[in-house]
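S.K.: Chain by chain, the residues run as shown.
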Amino acid sequence: MSGSDKSRRPDTEVHDEALAALYRQAARDEPSPRHDAAILAAAAADLARPASARRAWWPRWRMGLSLAVTIVLSAGLVLLVEREQARTPAGEGPAASRTTPRPLGAESPPASAAPEAPPAPAAPPRQETDEGHAANSAAPGGLSQKRAAPRSPMEASKARSDVSAETPAPIAAPRSPDAAWEEDRAAAPEPPSPASKPSAAFPGESKPLGKAEGTPSAVSPYSITAPAGSAPPSALPGAADAPGTVRQRGAMEASPGAEAPQESRDNRAPTRGDAAPAVAAPRPPEVWLAEIRSLYQAGRDADARTALQAFRRAYPEQPIPEDLRALQTTERRMR
Amino acid sequence: MDAERSDEALMCAWQTGDGLAFEALYGRYRSRVFRYLARQCPAAVAEELSQECWLRVIRARSAYVVSARFSTWIFRIAHNLLLDHYRRADHAALAAFDDGDVLQAVLDGAPEAPFRQPEALAEQARLGQRLLAAIAGLPAPQREAFLLQQEGEMSIDDIAAATGVGRETAKSRLRYALARLRELLREDQP
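Sequence order for the protein chains is A and B.
With the working numbering applied, the first sequence corresponds to residues 22 to 356, in that order.
With the working numbering applied, the second sequence corresponds to residues 4 to 193, in that order.
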């Protein structure tokens with residue numbers, strides 16, 4: 022017995038010396054001599070074997086194997102990348118290759134369902150007048166070719182407005198002011214320069230329809246009126262063929278907070294002479310209020326009131342500045 | 004000289020090529036490992052398992068590092084070989100290892116009676132045989148704990164390490180084994 026074994030003492034709590042003694046006396050089994058011989062021979066053989074032979078084969082080949090695997094994987098990766106590059110023509114990004122075969126309207130996520138949506142009934146006058154848009158609708162391939170080229174964000178937003186004008190707009194879906202602003206900002210052209218301001222009630226009204234490559238922009242769903250004589254039919258193509266726009270306008274007029282017909286008439290009268298009447302698309306409250314203020318200060322009270330009503334519908338939570346509250350008061354008095 | 008060296012020192016000496024160190028180590032453990040196995044399976048199987056156990060020790064010579072007692076290590080090898088044997092041949096014994104708590108619960112009521120040592124040697128021999136039979140009749144986990152204590156001279160912690168169970172489990176197995184053996188021997192008294 023080794024010294025360490027001798028120093029070990031059995032656990033007294035679970036030790037029965039009498040049982041242990043009896044066991045030692047009774048258990049005297051021994052392995053057979055054959056067993057002993059086999060073990061000792063195996064140990065001697067193990068000692069006699071050279072160290073290199075004792076080692077397994079795989080540690081010797083481990084380094085080489087791992088190196089070979091690394092080389093094969095790297096080569097495979099390089100080949101894969103080269104093949105991928107060869108497949109994609111130079112200068113054509115994945116986005117371009119994706120958009121090229123797509124028809125019109127399959128570009129932006131909101132318009133992704135456009136090809137599946139029922140086509141909007143195109144009004145004949147609009148088809149006649151809005152040649153650019155008609156051409157786009159008739160020959161989506163031509164437009165898609167145009168779209169394959171890199172475009173500016175402005176062009177992209179115009180394209181989005183095309184799509185939204187052609188597909189029925191979701192009317193019932195309530196939009197947050199921010200979302201409405203983002204969408205309509207994309208649909209509406211840039212605010213006009215101060216020089217063009219007098220000709221339009223709001224910047225959003227005066228759409229540069231002619232210069233937008235014949236591409237009509239969607240008229241704001243918040244447009245109140247579009248008098249027949251105030252603008253040529255081609256001036257509001259989106260409003261003419263976008264059922265969503267029409268429906269939304271109707272719904273807005275039917276809403277409890279909508280102005281009375283008389284008020285609409287009142288509001289329409291002064292705007293008739295303007296190039297593009299009606300209230301523009303919603304924009305950030307500050308901008309809109311500034312526009313209303315400028316109208317009010319210019320003495321165009323009716324326009325300012327109309328605009329304020331539209332503003333309140335778009336931003337019911339937004340407080341009205343004090344200097345514009347007089348308009349509100351007048352409005353109430355008129356009711 | 005070898006008698007003074009610890010098991011681990013002998014193993015390390017054999018690792019460096021000292022053949023005598025292995026012979027000394029083998030001499031210390033050959034019977035104990037064999038009996039540990041022979042008490043738990045048929046003699047022929049025990050011989051085979053014991054041989055395999057020692058062959059594994061030989062094969063592990065170059066990779067051996069002193070991380071535990073040699074006795075714990077070799078009995079751990081023997082324990083695993085035994086479990087492999089149970090898996091192959093004796094599913095009931097293997098289930099006993101997995102369901103030790105149930106067997107312990109059966110033994111819960113076993114009173115601890117003092118063992119009265121027999122006076123006559125003949126009587127002692129008869130009792131010894133009776134003890135071996137009682138050991139054979141123990142539930143496998145308890146039997147193993149008892150054999151590791153007796154053959155491996157192991158503490159409860161060593162038994163727990165060799166069998167891969169917690170200390171309390173090893174302790175309770177050993178306690179129930181002793182209680183059961185005492186009871187069987189007491190019943191055998193005239």
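If you are wondering where the hints come from, they were derived from the structure by calculation, not from laboratory data.
Hints should not be assumed to be uniformly reliable.
Derived, one-sided and incomplete: chain B residues facing chain A with beta-carbon distance under 10 Å [unchecked claim]: (1) Asp87; (2) Tyr89; (3) Lys174; (4) Ala180.
Just so it is clear, CB atoms sit at the ideal spot from N, CA and C, and this is done for glycine as well.
S.K.: Does each hint fit the structure? Answer for all of them.
M.R.: Results for each hint:
1. Asp87: violated, 19 Å
2. Tyr89: violated, 20 Å
3. Lys174: Nearest chain A Cβ about 6 Å off; hint holds.
4. Ala180: This interface hint holds because 9 Å falls under the 10 Å limit.
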